[in-house]
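Student: Sequence:
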Amino acid sequence: MRRGLVVLVVIAFGGLLTAGAPPPGAEPERGGTGGGATLRVGLQQQIDSLNPFLGYSLAATDLFRLIYPTLTTYSAQDFAPEPELAESWEVSADRLTWTFRIRDGVRWSDGAPVTAGDAAYTFNRMMRDPAAATANGNVVENFEAVRAADDRTLVVRTARPQATMLAIDAPIVPEHVWSRIGDIASFDNEDMPIVGSGPFELVDHRAEQNVTLRADPDFWRGPPQVDRVQFVQFKNSDAAVQALRKAEVDVVQKLTPAQFDALAEEPDVQQVRGQGRRFYELILNPGAAGSDGEPIGTGHPALRDVRVRQALDRAIDRRVLVDRVLRGYGEQGAGYLPPIFGTYHWRPEQPRTFDPAAAARELDAAGYRRGPDGVRRTPQGRPLDFDFVLHGSEPADAQVGEFVQRWFADLGIRVTLEPVSDNQVNDRTSTGDFDMVISGWSANPDPDYVLRLQTCAARPGGAGAGSSDTFLCDERYDELYDRQLGEFDPARRAELVERAQRRFHEQAAGLILYYQDSLEAYRSDRFAGFTRQPAQDGVIVAQQGYWGYYGADPTEQAERGTPGQGAAVLWVIGGAAVLVGTVGTVRAARRRATADQRE
Numbered sequence: 001m002r003r004g005l006v007v008l009v010v011i012a013f014g015g016l017l018t019a020g021a022p023p024p025g026a027e028p029e030r031g032g033t034g035g036g037a038t039l040r041v042g043l044q045q046q047i048d049s050l051n052p053f054l055g056y057s058l059a060a061t062d063l064f065r066l067i068y069p070t071l072t073t074y075s076a077q078d079f080a081p082e083p084e085l086a087e088s089w090e091v092s093a094d095r096l097t098w099t100f101r102i103r104d105g106v107r108w109s110d111g112a113p114v115t116a117g118d119a120a121y122t123f124n125r126m127m128r129d130p131a132a133a134t135a136n137g138n139v140v141e142n143f144e145a146v147r148a149a150d151d152r153t154l155v156v157r158t159a160r161p162q163a164t165m166l167a168i169d170a171p172i173v174p175e176h177v178w179s180r181i182g183d184i185a186s187f188d189n190e191d192m193p194i195v196g197s198g199p200f201e202l203v204d205h206r207a208e209q210n211v212t213l214r215a216d217p218d219f220w221r222g223p224p225q226v227d228r229v230q231f232v233q234f235k236n237s238d239a240a241v242q243a244l245r246k247a248e249v250d251v252v253q254k255l256t257p258a259q260f261d262a263l264a265e266e267p268d269v270q271q272v273r274g275q276g277r278r279f280y281e282l283i284l285n286p287g288a289a290g291s292d293g294e295p296i297g298t299g300h301p302a303l304r305d306v307r308v309r310q311a312l313d314r315a316i317d318r319r320v321l322v323d324r325v326l327r328g329y330g331e332q333g334a335g336y337l338p339p340i341f342g343t344y345h346w347r348p349e350q351p352r353t354f355d356p357a358a359a360a361r362e363l364d365a366a367g368y369r370r371g372p373d374g375v376r377r378t379p380q381g382r383p384l385d386f387d388f389v390l391h392g393s394e395p396a397d398a399q400v401g402e403f404v405q406r407w408f409a410d411l412g413i414r415v416t417l418e419p420v421s422d423n424q425v426n427d428r429t430s431t432g433d434f435d436m437v438i439s440g441w442s443a444n445p446d447p448d449y450v451l452r453l454q455t456c457a458a459r460p461g462g463a464g465a466g467s468s469d470t471f472l473c474d475e476r477y478d479e480l481y482d483r484q485l486g487e488f489d490p491a492r493r494a495e496l497v498e499r500a501q502r503r504f505h506e507q508a509a510g511l512i513l514y515y516q517d518s519l520e521a522y523r524s525d526r527f528a529g530f531t532r533q534p535a536q537d538g539v540i541v542a543q544q545g546y547w548g549y550y551g552a553d554p555t556e557q558a559e560r561g562t563p564g565q566g567a568a569v570l571w572v573i574g575g576a577a578v579l580v581g582t583v584g585t586v587r588a589a590r591r592r593a594t595a596d597q598r599e
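Start counting the sequence shown at 1; every next residue gets the next number (full-length UniProt numbering).
You may find that some hints are simply not true.
Stated by the list, open to error - Across the chosen pairs, the derived CB separations fall in these ranges:
| hint | residue 1 | residue 2 | range |
| --- | --- | --- | --- |
| 1 | Lys246 | Arg157 | 51 to 57 Å |
| 2 | Asp427 | Pro490 | 37 to 43 Å |
| 3 | Lys246 | Ala185 | 38 to 44 Å |
| 4 | Ala535 | Glu90 | 27 to 33 Å |
| 5 | Lys246 | Asp489 | 52 to 58 Å |
Since the hints were derived computationally from the structure, they do not count as laboratory data. For each residue, glycine too, the CB sits at the ideal point set by N, CA and C.
Working from the sequences, and respecting the hints, build out all of it.
Tutor: And the structure:
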């Protein structure tokens, strides 16, 4: 249930809100090993919910990994699954029953022991309560039964073999707290401090301003090296970069190529360039339909023809996009999964390279010829004029849109660029109200989640809720998806994933444009370094785990708590600091509120 917005205007007569200052009324430090150091992270995306059953934006999932335990995690070295709350596991001969041994001595932040019962409660709640399945329901879709045999033994039985059982990163919650919550959908989880069992404990949340966490000195791996982590909200990346320059924050992610280049000569700022986990795509509406197969939306009928979609793919020059939009910070798109996941990354043997002449011939052969005005038409006489929905807040979207508009015009196709708000992008894509739209997803080391986005089962129900990416529904793709899910041999599974990507490429509903590098920067005067994931070409923030925050190495200056050069004020207008807050937490229960959304 979305809450209404309230605008609070604070007249700036005295001290202004600073990025690094502890929040008023905050409890004393519990003591990490950082000697008082606070790691301040610039945040450019809204945390859609503090409720781990509901929140699924990248900002929210990043936060949950610091607060709540998961059964397993991904290695900082190379993304390999490794023990977390579950210290060991075994699977039955028929591969249907998994037994996890829960680590002994782990406690919730209120002192209660973490048991197998907490994990069983979490998964059962997700299986039985639709609201609790909002963010991570895909995890339990194949679960048949979950029980705690004793405090340290979790038993999960699946309906059919499931190769992703060591990639379950859904947050586990304390049963003694959450069993008292009747209505998950309306619970904002705003009472502080939140009961968790990660390396940090969330102690303060000021909507649209900041989130503050303190280190747990009793964390089972040992205390973090910093005493606090504070996520500071910024309206845009330019404001975050400016705060980094002034030493008002310590780390900024999601830098544009221009911002990254501009920081090259900045004193006491260290750049970080790593391979990204995201793919960026141009979705061509293949004929949106709900889970019942009934058509929805307003997509142009020509785009239901796979020959048209394949021809349009040939009219896109990915090399230009990487050179001009990314300034070289990325790779040309090809297969569905990014190159950082080498085992599953695939490139077409015969890619549809940029060839406008070949695209024109294919359209002619398919019956979509130019009319007297130069615009192509369907065999029924309808002009090929497509709307192209873009995120108005993303400069890269505008650049991509202008290039595509020009290339398609040369092909005899009119394209109208429609930059809209993030919420409007989401609303229109969720209901199939588009011809073309820019999209993007972060992939996990295990490819199952993003592969599922292209299945028939991912299409929305009658109310429009769903997690489909392109509205693709193809029986051959679904068969390959199902087979890879049940394949335990790594080589054979990789082959099936490759075949599924090949089929997705053939259908050309989502044209993978590029894989952008992850561009970050940090204050080297305040932090000597961070644990990066993976170790080779890895990054600090956009990780699968808590490693970057947990392994942050503060300098003496950070430990002394030396303030920055100025006070970071959120969204200053004239002489007043305008703080846009919410009544409760805004739960944007949507697939794609920004170009960086669900993992």
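Student: If a hint holds in the structure, say so; if it doesn't, say that too.
Tutor: Results for each hint:
The hint said 51 to 57 Å for the Cβ distance between Lys246 and Arg157, and at roughly 55 Å that hint holds. The supplied range of 37 to 43 Å is met by Asp427 and Pro490, whose beta-carbon atoms lie about 40 Å from each other. Take Lys246 and Ala185: their Cβ atoms lie about 41 Å apart, and the range 38 to 44 Å holds. Here the CB-CB span from Ala535 to Glu90 is close to 29 Å, well matched to the stated 27 to 33 Å.
Separation of Lys246 from Asp489 is about 53 Å and conforms to the stated range, judged on CB atoms against 52 to 58 Å.
Checked against the numbered hints above, the structure violates none of them.
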